[in-house]
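If you count by UniProt numbering, then the sequence shown holds residues 1 to 135, one letter each, in order.
It is worth saying that the hints were derived from the structure and are not from the lab. Take the hints with a grain of salt, since some may be wrong.
What the hints assert, rightly or not - With beta-carbon atoms standing in for the labels, derived distance ranges: (1) R125 - I63: 36 to 44 Å; (2) K33 - S69: 24 to 32 Å; (3) V100 - P120: 22 to 30 Å; (4) E62 - K36: 22 to 30 Å.
Beta carbons are placed, not taken as given, at the ideal position from N, Cα and C, and that holds for glycine.
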Amino acid sequence: CATGVVLRASLNVHMFAGGSTFGLYNGAMIDSKTQKHYPYVSGHDYDGIVDEVKNLRRVKYEIVAGVLSSQGFSWVPETLEEFSITTSDYVKVLELEHHVPLLDVLDVASPYEPVRSEHPLHMERVNGASLEFVL
1 CATGVVLRAS LNVHMFAGGS TFGLYNGAMI DSKTQKHYPY VSGHDYDGIV
51 DEVKNLRRVK YEIVAGVLSS QGFSWVPETL EEFSITTSDY VKVLELEHHV
101 PLLDVLDVAS PYEPVRSEHP LHMERVNGAS LEFVL
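Please model the complete structure; the sequences and the hints are all you need to start from.
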């Protein structure tokens, strides 16, 4: 029964409030024209129920939504069709006329001193990581 499934399981659906990835500024998008708030799950969960452009991975979504709905979670929408967007909704192709190599402008591009370590660091220990600027 669904109750047994819920009682014996852990369901981790992340990134539902913010905008990007990895627990920094995550989770929801706001349409700039309508100011409507849309739930968002990053495709960095490569097998997540929704990908980066809000295409449903339908089978997984229906399973998760069914279990949650059967347990009385009323926030589970019947579909996410209203959240679907296309790449052309938010991406414009730009032709670059000039460029500057990143390594030539690091002192200007980042307000932080470099962090050097012999071992990998947690993102929270790296200056600038909350803005997702890590090289």
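Now the hints, each set against the structure:
no.	hint	in the structure
1	R125 - I63: 36 to 44 Å	37 Å, holds
2	K33 - S69: 24 to 32 Å	31 Å, holds
3	V100 - P120: 22 to 30 Å	29 Å, holds
4	E62 - K36: 22 to 30 Å	24 Å, holds
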